[in-house]
Structures are given as structure tokens and as C-alpha cells.
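Engineer: With the hints as extra help, turn the sequences into a complete structure.
These are the residues of each chain, in order.
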Amino acid sequence: MKGKIDNNRAWLLVLPVLALVMFSAVIPLMTVVNYAFNDTFGNNQFFWNGWGWFEEMLQSERLHAALGRQLLFTGIILLIEIPLGIVVALNMPKKGFWASLCLILMALPLLIPFNVVGTIWQIFSRVDIGLLGRAMAALGIDYNYTSDPLDAWVTLIIMDVWHWTSLVALLCYAGLQSIPGAYYQAARIDQSSRWNVFRYIELPKLSGVLSIAILLRFIDSFMIYTEPFVVTGGGPGNATTFLSIDLVKMAIGQFDLGPAAAFSLMYFLVILLISWVFYTVMVARDGEGEP
Amino acid sequence: MTNPHIRVLVMSLYLLFLMVPIYWLLAMSFKTNTEIVAGFTLFPRDFTLQNYVTILTDPSWYMGYVNSLIYVVMNTVISITVALPAAYAFSRYRFMGDKHLFFWLLSNRMAPPAVFALPFFQLYSSVGLFDTHIAVALAHCLFNVPLAVWILEGFMRGVPREIDETAYVDGYSFGRFFITIFAPLIASGIGVAAFFCFMFSWVELLLSRTLTAVDAKSIAATMTRTVSASGMDWGVLTAAGVLTIIPGAIVIYFVRNYIAKGFALGRV
Amino acid sequence: MAQITLANIAHSYAPAASPSDLALKELNHTWQDGGAYALLGPSGCGKTTLLNIISGLITPSRGRVLFGDQDVTDIPTEQRNIAQVFQFPVVYDTMTVFENLAFPLRNRGGRRAEIRARVELVARMIGLDDLLHRRARGLNPDIKQKISLGRGMVRESVNAILFDEPLTVIDPHMKWELRTQLKSLHREFGHTMIYVTHDQTEALTFADKVVMLHQGQVVQIGSPEALFERPEHSFVGHFIGSPGMNFIDARVAGRSAFIAGCEIALAQDYGIPSGHTQLGIRPEYIRLTDGDGLPAEIKGIEDVGHRRIVRAGVAGFDLNVVLPGGGGGELPGARLHFPPEHIGIYQDQWRIEGQSP
Numbered sequence: 001m002k003g004k005i006d007n008n009r010a011w012l013l014v015l016p017v018l019a020l021v022m023f024s025a026v027i028p029l030m031t032v033v034n035y036a037f038n039d040t041f042g043n044n045q046f047f048w049n050g051w052g053w054f055e056e057m058l059q060s061e062r063l064h065a066a067l068g069r070q071l072l073f074t075g076i077i078l079l080i081e082i083p084l085g086i087v088v089a090l091n092m093p094k095k096g097f098w099a100s101l102c103l104i105l106m107a108l109p110l111l112i113p114f115n116v117v118g119t120i121w122q123i124f125s126r127v128d129i130g131l132l133g134r135a136m137a138a139l140g141i142d143y144n145y146t147s148d149p150l151d152a153w154v155t156l157i158i159m160d161v162w163h164w165t166s167l168v169a170l171l172c173y174a175g176l177q178s179i180p181g182a183y184y185q186a187a188r189i190d191q192s193s194r195w196n197v198f199r200y201i202e203l204p205k206l207s208g209v210l211s212i213a214i215l216l217r218f219i220d221s222f223m224i225y226t227e228p229f230v231v232t233g234g235g236p237g238n239a240t241t242f243l244s245i246d247l248v249k250m251a252i253g254q255f256d257l258g259p260a261a262a263f264s265l266m267y268f269l270v271i272l273l274i275s276w277v278f279y280t281v282m283v284a285r286d287g288e289g290e291p
Numbered sequence: 001m002t003n004p005h006i007r008v009l010v011m012s013l014y015l016l017f018l019m020v021p022i023y024w025l026l027a028m029s030f031k032t033n034t035e036i037v038a039g040f041t042l043f044p045r046d047f048t049l050q051n052y053v054t055i056l057t058d059p060s061w062y063m064g065y066v067n068s069l070i071y072v073v074m075n076t077v078i079s080i081t082v083a084l085p086a087a088y089a090f091s092r093y094r095f096m097g098d099k100h101l102f103f104w105l106l107s108n109r110m111a112p113p114a115v116f117a118l119p120f121f122q123l124y125s126s127v128g129l130f131d132t133h134i135a136v137a138l139a140h141c142l143f144n145v146p147l148a149v150w151i152l153e154g155f156m157r158g159v160p161r162e163i164d165e166t167a168y169v170d171g172y173s174f175g176r177f178f179i180t181i182f183a184p185l186i187a188s189g190i191g192v193a194a195f196f197c198f199m200f201s202w203v204e205l206l207l208s209r210t211l212t213a214v215d216a217k218s219i220a221a222t223m224t225r226t227v228s229a230s231g232m233d234w235g236v237l238t239a240a241g242v243l244t245i246i247p248g249a250i251v252i253y254f255v256r257n258y259i260a261k262g263f264a265l266g267r268v
Numbered sequence: 001m002a003q004i005t006l007a008n009i010a011h012s013y014a015p016a017a018s019p020s021d022l023a024l025k026e027l028n029h030t031w032q033d034g035g036a037y038a039l040l041g042p043s044g045c046g047k048t049t050l051l052n053i054i055s056g057l058i059t060p061s062r063g064r065v066l067f068g069d070q071d072v073t074d075i076p077t078e079q080r081n082i083a084q085v086f087q088f089p090v091v092y093d094t095m096t097v098f099e100n101l102a103f104p105l106r107n108r109g110g111r112r113a114e115i116r117a118r119v120e121l122v123a124r125m126i127g128l129d130d131l132l133h134r135r136a137r138g139l140n141p142d143i144k145q146k147i148s149l150g151r152g153m154v155r156e157s158v159n160a161i162l163f164d165e166p167l168t169v170i171d172p173h174m175k176w177e178l179r180t181q182l183k184s185l186h187r188e189f190g191h192t193m194i195y196v197t198h199d200q201t202e203a204l205t206f207a208d209k210v211v212m213l214h215q216g217q218v219v220q221i222g223s224p225e226a227l228f229e230r231p232e233h234s235f236v237g238h239f240i241g242s243p244g245m246n247f248i249d250a251r252v253a254g255r256s257a258f259i260a261g262c263e264i265a266l267a268q269d270y271g272i273p274s275g276h277t278q279l280g281i282r283p284e285y286i287r288l289t290d291g292d293g294l295p296a297e298i299k300g301i302e303d304v305g306h307r308r309i310v311r312a313g314v315a316g317f318d319l320n321v322v323l324p325g326g327g328g329g330e331l332p333g334a335r336l337h338f339p340p341e342h343i344g345i346y347q348d349q350w351r352i353e354g355q356s357p
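Protein chains in written order, with my numbering: chain A, 1 to 291; chain B, 1 to 268; chain C, 1 to 357.
The set of hints was computed from the structure by calculation and includes no laboratory data. Note that beta-carbon positions come from the ideal geometry of N, C-alpha and C, so glycine has one too. It is possible that some hints are incorrect.
Stated by the list, open to error - With a Cα cut of at most 20 Å, we get these calculated SDA-like pairs of lysine to any residue:
1) A:K95 / B:V8
2) A:K95 / B:R7
3) A:K94 / B:M11
4) A:K4 / B:F177
5) B:K99 / A:T280
6) A:K4 / B:D98
7) B:K99 / A:L215
8) A:K94 / C:L57
9) A:K94 / B:I252
10) A:K205 / A:P83
11) A:K94 / B:Y253
12) A:K94 / B:R7
13) B:K99 / A:V281
14) A:K4 / B:F103
15) B:K99 / A:W276
16) A:K95 / C:L57
17) C:K299 / C:F247
18) C:K299 / C:P332
19) A:K95 / C:A14
20) A:K205 / A:A284
21) A:K4 / B:F102
22) A:K94 / B:V8
23) A:K205 / A:V87
24) A:K4 / B:S91
25) A:K95 / B:R256
26) A:K4 / B:V169
27) A:K4 / B:R92
28) A:K95 / B:V10
As the list claims (entries may be wrong) - Covered stretches of chain B (in silico footprint by chain A; criterion: 3 or more residues with CB under 8 Å from a CB of chain A, positions within the stretch not fixed):
29) 31-43
30) 199-212
Structural biologist: Quick look at the structure:
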């Protein structure tokens with residue numbers, strides 16, 4: 001296909017989006033910036049606080065702990081969801097009724113409102129009324145996610161795997177579908193082992209969609225709020241207080257607007273930075289694919 | 001090449017894992033509260049539809065669904081409308097700052113809603129939009145517009161540019177070309193983008209809860225508030241949960257053939 | 001290496017098919033060991049089906065496939081010891097060129113030094129020795145196609161190398177080079193090669209024997225020369241040559257054919273054939289004359305540089321006549337002379353033979 005045409009009037013086509021995003025992102029963000037650098041005694045009286053809130057937040061034990069929990073959580077779910085998603089995609093039926101059925105059932109968790117996902121796992125895991133909780137008790141395993149931090153973590157991780165592995169699997173499935181049959185035939189002729197087919201044919205072809213999957217899962221798990229909020233409320237104690245939960249507690253619960261705003265900006269910047277790295281790599285790959 | 005028995009086993013286990021919690025939600029919604037709390041049953045023993053009746057007859061419940069659907073549809077329409085020309089620009093032209101602009105748009109998809117919750121609250125309160133459907137619809141544009149632009153751009157890139165050129169040579173105006181020729185060509189892309197806007201707007205809780213109070217209160221917010229207000233009415237809560245799954249299931253059924261490609265954002 | 005025998009092969013993609021549904025009609029053929037064959041025919045004629053039956057991707061509905069004496073009909077692709085080059089380059093993008101070429105050998109557990117020697121030999125033959133340590137991703141399509149060709153050649157014992165329209169994505173000027181290279185590789189290594197194509201030039205320059213397929217049926221197997229000189233079926237006549245063979249309805253009696261009342265002498269005695277009889281002659285062999293011949297209406301002349309193509313109308317049929325040499329100049333005449341030794345007689349589209357004197 002031919003390259004793109006230089007045309008600065010294309011800006012006109014982008015204007016509506018720009019206007020909308022200005023309103024729904026830039027103005028609110030300005031408010032955040034305002035809070036982050038100022039202090040207030042209320043009644044809209046602000047005075048300059050410079051980097052004060054940022055310094056305070058950077059040294060805050062509470063933030064460090066939340067960030068640590070967040071990184072651990074994101075790391076664990078990526079380590080489970082990405083390989084599991086690939087395995088599921090490799091085993092999905094390729095076409096016909098069963099393929100449609102699998103697609104529909106797998107997409108189902110993705111369309112359940114986040115708080116309902118929380119509710120589902122809450123009622124599923126509770127010791128008194130939940131199937132999982134009762135089953136654990138019947139097996140003689142001491143399990144109670146409301147009082148034991150480890151159980152709470154395990155519950156949240158399984159919930160996230162339940163909720164989002166299908167996204168990874170569907171992405172990989174789409175990637176696998178686009179591999180021409182000739183590759184598999186060539187591999188058979190070359191007497192390639194199943195592992196080598198995966199390693200040299202499927203994995204390279206999947207790298208594009210996998211980077212999208214990792215990016216999306218990274219961003220979304222880093223921003224996770226609703227599901228742990230519903231299931232554990234950040235507890236027991238602060239055991240499952242991730243960044244967003246901590247932020248909302250700080251901003252809306254305690255109305256510490258200055259620190260919360262500084263926290264917000266740093267939070268956003270970290271996500272942005274990591275996403276930018278991913279994006280650059282992806283664009284570089286896109287360019288490589290074109291002759 | 002993989003052993004078919006292993007395939008079936010892996011998929012069965014995985015689908016079982018996905019379905020069991022949903023089954024539990026469904027089963028509970030047909031139980032009475034007494035049965036839920038007092039006895040542990042795998043199947044509803046005293047099968048009841050009372051929980052659903054409660055929701056469908058109580059305006060404070062069913063208006064939650066109506067409100068949610070209103071702002072979700074508004075959001076989908078707004079997002080697609082503004083994203084279409086922008087995606088066209090990104091897929092066809094090179095212009096000053098295009099790459100930066102594209103990433104900056106995408107970066108909004110990466111913004112934690114928690115960061116925006118409070119500023120949104122203040123912004124919409126100050127312009128008098130607090131507790132309206134349009135407020136939530138606009139707030140959700142924050143992540144849906146970039147996503148729609150991204151998906152549509154991916155689909156549009158797959159349409160050869162010769163088609164545009166031929167149409168212009170034949171004397172089509174941009175608007176007429178876009179609506180009568182181009183839009184039908186990327187119909188599946190528009191469908192997928194609409195699906196995702198619907199989905200992300202439908203599942204989001206934090207912003208919709210922060211920006212509404214009474215008149216535009218979403219079903220998600222209704223559910224969380226009811227839990228804290230009326231103690232644990234598990235039966236009604238689970239029935240409400242089941243009802244939130246239904247719109248999603250219907251939408252999935254219609255786009256099932258595009259789901260896989262759509263989740264890859266048109267980039268396979 | 002071994003000869004490949006197709007015994008009573010027929011295939012249908014539908015489970016219970018009537019004979020008209022067969023994607024491939026019954027076929028018996030033996031591919032000689034070390035031969036260079038082309039499977040030629042338009043899209044949808046069944047040539048890919050036939051290739052897939054040999055490679056083992058498809059099990060034929062009927063008949064057996066034999067490699068040498070061994071019946072391989074039910075043996076899967078990976079155990080048939082064949083190689084295949086596909087329509088578009090199939091290479092392992094993340095491997096280097098060397099690893100790509102070594103891959104089939106390593107999977108079969110060859111010794112390191114032997115693999116290295118063999119890969120280097122093959123790479124030299126196909127001109128990839130400078131690129132051995134480059135990653136395959138990002139190389140040109142024709143180089144990638146060379147890699148997949150090389151992957152087919154590295155195994156010495158391979159029964160046959162199958163080519164499925166391998167030059168489709170190659171630039172025109174590279175096509176010629178690759179074709180020449182294939183030819184010399186065939187001479188060098190002596191593999192049995194089966195080359196599927198819809199391009200007559202590719203087929204005729206590559207193969208010793210061309211198998212012509214038409215609607216799932218083999219209509220002729222022969223040398224490029226035989227296909228040109230003595231097409232067994234009017235389809236072969238039309239398909240081979242540019243422009244294709246001329247066919248005119250004619251009444252045949254003994255050693256004469258009659259077109260529009262005009263008698264044309266034949267080289268053989270055909271008796272009185274029944275059915276739809278046609279006279280076929282290549283445009284290259286028709287001579288324009290102002291002496292004896294079939295009166296024709298000249299409809300146009302196309303000058304293509306090294307030769308001229310004259311379009312002539314005779315008794316409601318359009319004929320092409322090829323005159324050697326380009327440029328202008330008067331036509332030698334407006335009557336057509338058909339040399340008897342180049343005339344073929346076709347009965348219901350099949351060539352029939354007469355009695356020689």
C-alpha cells in the first residue's frame with residue numbers, strides 16, 4: 001500500500017476529538033496540577049506549595065507500601081494471565097459451532113460490570129455462603145479472605161485471572177488465526193516438534209498481539225479499583241490497598257487534596273512512562289512489518 | 001497437532017473455571033434470603049423469582065438500568081462520531097505532530113479513573129452537569145474516544161487508499177464519500193469500536209458513581225449503595241448482578257465473529 | 001529418492017460425490033525418479049489438489065500413492081520425506097538464514113559437522129552464502145523464497161520437491177533468475193521436482209514433462225514440444241502458445257478437410273469421423289499467400305515488435321496468424337495456406353490420429 005499523504009488540513013478532522021478530550025481530560029488535569037502545587041485551607045483560598053506535596057508523597061511510607069503491593073499484584077497477574085491466555089488460545093477450536101461457543105463464553109466475564117465481578121467473587125468466596133469458601137472448609141483448608149491477608153491476595157488474583165485471562169486468550173486467538181496454513185505444513189515437512197512450531201512459528205507471529213495484551217493488562221491492572229474495593233475493601237488491614245484504592249481513600253475519604261493530587265500526577269506519569277516504552281516498541285515493530 | 005483429548009480437557013477446565021462463579025451468582029438469585037443464609041444448597045431449593053420481581057417493580061432499582069443504558073448509548077454515539085473523522089485523518093494523512101497527538105490521545109486511555117474522579121466531580125459540578133447522564137457519557141469519553149480512534153484507525157488502514165482516490169476523481173465530496181462508500185467498508189470496524197465503547201462504559205463504576213447522585217444514578221452505583229444501606233439482601237443483589245450481565249451477553253452474541261479481531265484492535 | 005506412482009487416484013471434497021463433483025478425476029501416472037515435472041492448468045483445475053495428495057496433506061478419496069514400492073497413502077506428510085516450496089515464502093522469521101536451512105536436518109538429528117557442510121553447500125548453490133548469518137526477518141521476498149527452496153534442498157534423501165506456484169510474489173526480473181537456478185539445481189542434485197503453475201512459460205522452461213490439467217482431469221502429459229506441436233485436447237491448444245491454437249469447424253473426409261466449401265489437404269487418412277470435428281493449427285504455421293488457399297478477411301494487424309499477429313476471419317471463425325519479423329510492409333496475400341504436416345484433427349475436442357499412407 002502507498003504511504004500517507006502530507007496534509008496539515010487533516011487537523012480539521014482531528015479537531016472534534018481534540019475539543020472533547022480537552023474538556024474531559026485537560027481541564028480536569030489542570031485542576032489536579034493546581035491542587036498538587038498549592039495548599040488550601042478551604043474556601044478556594046490557595047497558596048503556593050511548590051514541590052512540597054511531591055516530596056511528602058515520595059517519602060510517604062504509605063505510598064511506598066501501596067506501590068509495592070501494586071507492583072507485586074500486577075507482576076503476579078501478568079505472569080499467570082499471559083502464559084495461561086496463550087495456552088487457552090492454542091487449545092481453542094479453530095472454527096464452527098464450538099469456536100463460537102468458546103468465544104461467547106470467554107467474552108462473557110469481560111462484559112460484566114467491575115462491581116458485579118467483585119460481587120460474584122464475594123459471594124463465591126465467602127465462608128458462610130460461598131461455594132468456594134464452603135468447599136475449602138469441607139476440604140479442611142483454613143480459608144477466610146476477610147481475615148487472612150494471604151487468602152485475600154489469592155482470592156483477588158484468582159478473580160483477576162478469571163476476569164481478564166480471556167482478553168489475552170482472545171487476542172492470541174486472533175493472532176493465531178492469521179497464521180497461514182502453509183507455515184504449519186512446512187513445519188510438518190521439516191519434522192518440527194510441537195514445541196518448535198510454537199517457538200518458531202506461533203510465538204513470533206503472536207508477538208504483536210502479545211505486546212498489546214501485556215500493555216492493556218499492565219495498564220488496567222495498575223489502575224484496578226472496583227473489584228478489590230467490592231471484595232476486600234482494601235483489607236484485611238491495608239493488605240490489598242492498591243494505588244487506586246489508596247488514592248480514592250486519600251482524596252475522597254480524607255479530602256487530602258494536595259497530597260492526593262501530587263500522588264495522582266506521579267501515578268499517571270509512571271503509567272505513561274511505561275506505556276510510552278511499550279508504544280514505541282510497538283510502533284517500531286509496525287514499521288518493520290511494512291516493506 | 002496437539003492431542004485433541006488434551007485440547008478438550010484444557011478448554012473444558014477453563015470454561016468450567018469461568019462458568020462456575022457465574023453459575024453461583026445465577027443460582028443465588030433464584031434463592032430466598034433464608035435459604036442463602038441458613039442452608040448451603042448447590043441448587044435453589046425454594047425456587048423463587050421474588051428477587052427479580054423486587055427489582056423490576058422498584059423504580060430505585062430499575063431506573064438504575066435505564067440510567068446506565070442512557071449514558072452508555074450516549075457515550076457510544078459521541079465516541080464513534082468524533083472518532084471516525086480523527087481515525088480517518090490518522091490512517092490517511094501525515095500532518096504536523098500526528099504521532100505525538102496519537103500517543104497523547106492513547107495516554108488518556110491509560111489515565112487511572114481514580115486520578116480523574118475528584119476533578120471530574122468539581123468540573124461537572126461547576127458547570128451544572130452533576131448528576132446528569134451527559135456528565136457520565138462525557139467522562140467515559142476520556143478512555144473510550146482514544147480506544148475508538150485506535151480501533152477504527154486499525155480497520156481503516158486495511159482499506160486501500162485507491163478507493164478514496166477513485167471516489168474523489170469521480171467527483172464525490174468528502175462527506176458523501178465517507179458516508180456512502182467508506183463507512184460501509186469499515187462497518188465491522190465501527191461495530192467493534194461501538195462494542196468496546198459500550199463495554200467499557202457499561203462496566204465502569206468509579207466515575208459513574210462519583211458523578212451521579214439520584215437522577216442519573218447507574219445500576220452499578222445502585223448495587224454498591226444498596227449493599228451498605230439495607231444490610232445484605234443477597235438475593236436481590238445477585239439478581240441485579242445477573243441482570244447486568246444480560247446486555248453484555250446480547251451484545252457479544254451479535255459481534256461474536258468480530259470479537260477476536262476486535263480485541264486485537266484491528267491490528268492482526 | 002524414488003519414483004512416485006499415483007494409481008487410480010481420484011478425489012472429491014464432498015463426502016459422497018457423483019463423478020461430476022470430483023475435484024480430481026481418475027488418474028494413473030508415474031513420476032520418474034529424478035524427473036522435472038510441471039503441473040500446468042488454470043486456477044481451480046485441481047493441480048493444487050493433486051500436489052496436496054502427493055505431499056500427504058490430503059488423503060485421496062480413491063486410489064493409492066506409492067513412493068517406490070512403498071504404499072504411502074495413509075502415511076502423514078512428516079513421514080513422507082518430501083519437501084515443499086509454497087506460493088509465498090515460508091521462513092522462520094526469528095531464525096538466521098543458516099538456522100533456517102539447518103532446521104530440517106537438526107530435527108532429524110544429523111551430526112553438527114555434516115549439517116554445517118551440507119547447509120554451506122546448498123547456500124553456495126543458491127547464492128545465499130553471504131547472508132547465512134542474517135536474520136530472516138526483513139529480507140526480500142525473493143531471498144526468502146530462496147531460503148524456503150534451500151530448506152527443501154538440504155535433505156539429500158528427499159523423495160521429491162514440490163513447488164506450489166513458487167514465483168507468484170517474486171519480481172518479474174528475479175523470476176527468470178530463480179527459474180534458471182532451479183533448473184541448474186535440478187541438474188546438480190537430481191531430485192524429483194514437481195512444479196505447479198498456471199504460467200505456461202514457467203512450466204515449459206522448467207519441466208522435462210508437463211502434465212496439463214483441465215477441470216480435474218489430466219488432458220495431456222508430454223514434453224513441452226509435444227504440448228506445442230501435438231496438443232491432445234483443444235484446451236491444451238488454446239492454453240499453450242500466445243496466441244493459442246486456432247480451431248475451425250470442418251468436415252473431414254479421408255485425407256481432406258472442407259471449410260466453407262474449400263478443400264484442405266491433410267497428411268493422414270481420417271476416414272469419416274463422427275461428432276463435432278474441428279481442424280486445429282498453430283498461428284505460427286499458417287502462411288499468408290496470394291496463391292492457393294482459404295480466402296480470408298483481414299480484420300487487423302498487431303505489431304508486437306519481433307513479429308506481427310494478423311487477425312483473419314474465415315467462415316465466421318476468427319483466426320490468428322503469426323508472421324515473423326516486425327515492422328510494416330505489405331501482407332504477402334489474403335489467402336491462408338495450412339501446411340498438412342501441422343494440421344491436427346479434433347473430434348469432440350480430443351485429437352484423433354489418422355492412418356498414414
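Engineer: Next step is simple, just say for each hint if it's right about the structure.
Structural biologist: Right, here's what the structure says about each hint:
| no. | hint | in the structure |
| --- | --- | --- |
| 1 | A:K95 / B:V8 | holds (14 Å) |
| 2 | A:K95 / B:R7 | holds (14 Å) |
| 3 | A:K94 / B:M11 | holds (12 Å) |
| 4 | A:K4 / B:F177 | holds (19 Å) |
| 5 | B:K99 / A:T280 | holds (10 Å) |
| 6 | A:K4 / B:D98 | holds (12 Å) |
| 7 | B:K99 / A:L215 | holds (18 Å) |
| 8 | A:K94 / C:L57 | holds (18 Å) |
| 9 | A:K94 / B:I252 | holds (18 Å) |
| 10 | A:K205 / A:P83 | holds (15 Å) |
| 11 | A:K94 / B:Y253 | holds (18 Å) |
| 12 | A:K94 / B:R7 | holds (11 Å) |
| 13 | B:K99 / A:V281 | holds (14 Å) |
| 14 | A:K4 / B:F103 | holds (18 Å) |
| 15 | B:K99 / A:W276 | holds (12 Å) |
| 16 | A:K95 / C:L57 | holds (19 Å) |
| 17 | C:K299 / C:F247 | holds (17 Å) |
| 18 | C:K299 / C:P332 | holds (15 Å) |
| 19 | A:K95 / C:A14 | holds (18 Å) |
| 20 | A:K205 / A:A284 | holds (15 Å) |
| 21 | A:K4 / B:F102 | holds (15 Å) |
| 22 | A:K94 / B:V8 | holds (12 Å) |
| 23 | A:K205 / A:V87 | holds (15 Å) |
| 24 | A:K4 / B:S91 | holds (8 Å) |
| 25 | A:K95 / B:R256 | holds (12 Å) |
| 26 | A:K4 / B:V169 | holds (18 Å) |
| 27 | A:K4 / B:R92 | holds (5 Å) |
| 28 | A:K95 / B:V10 | holds (17 Å) |
| 29 | 31-43 | holds (count 4) |
| 30 | 199-212 | holds (count 7) |
The earlier numbered hints are all upheld by this structure, with none contradicted.
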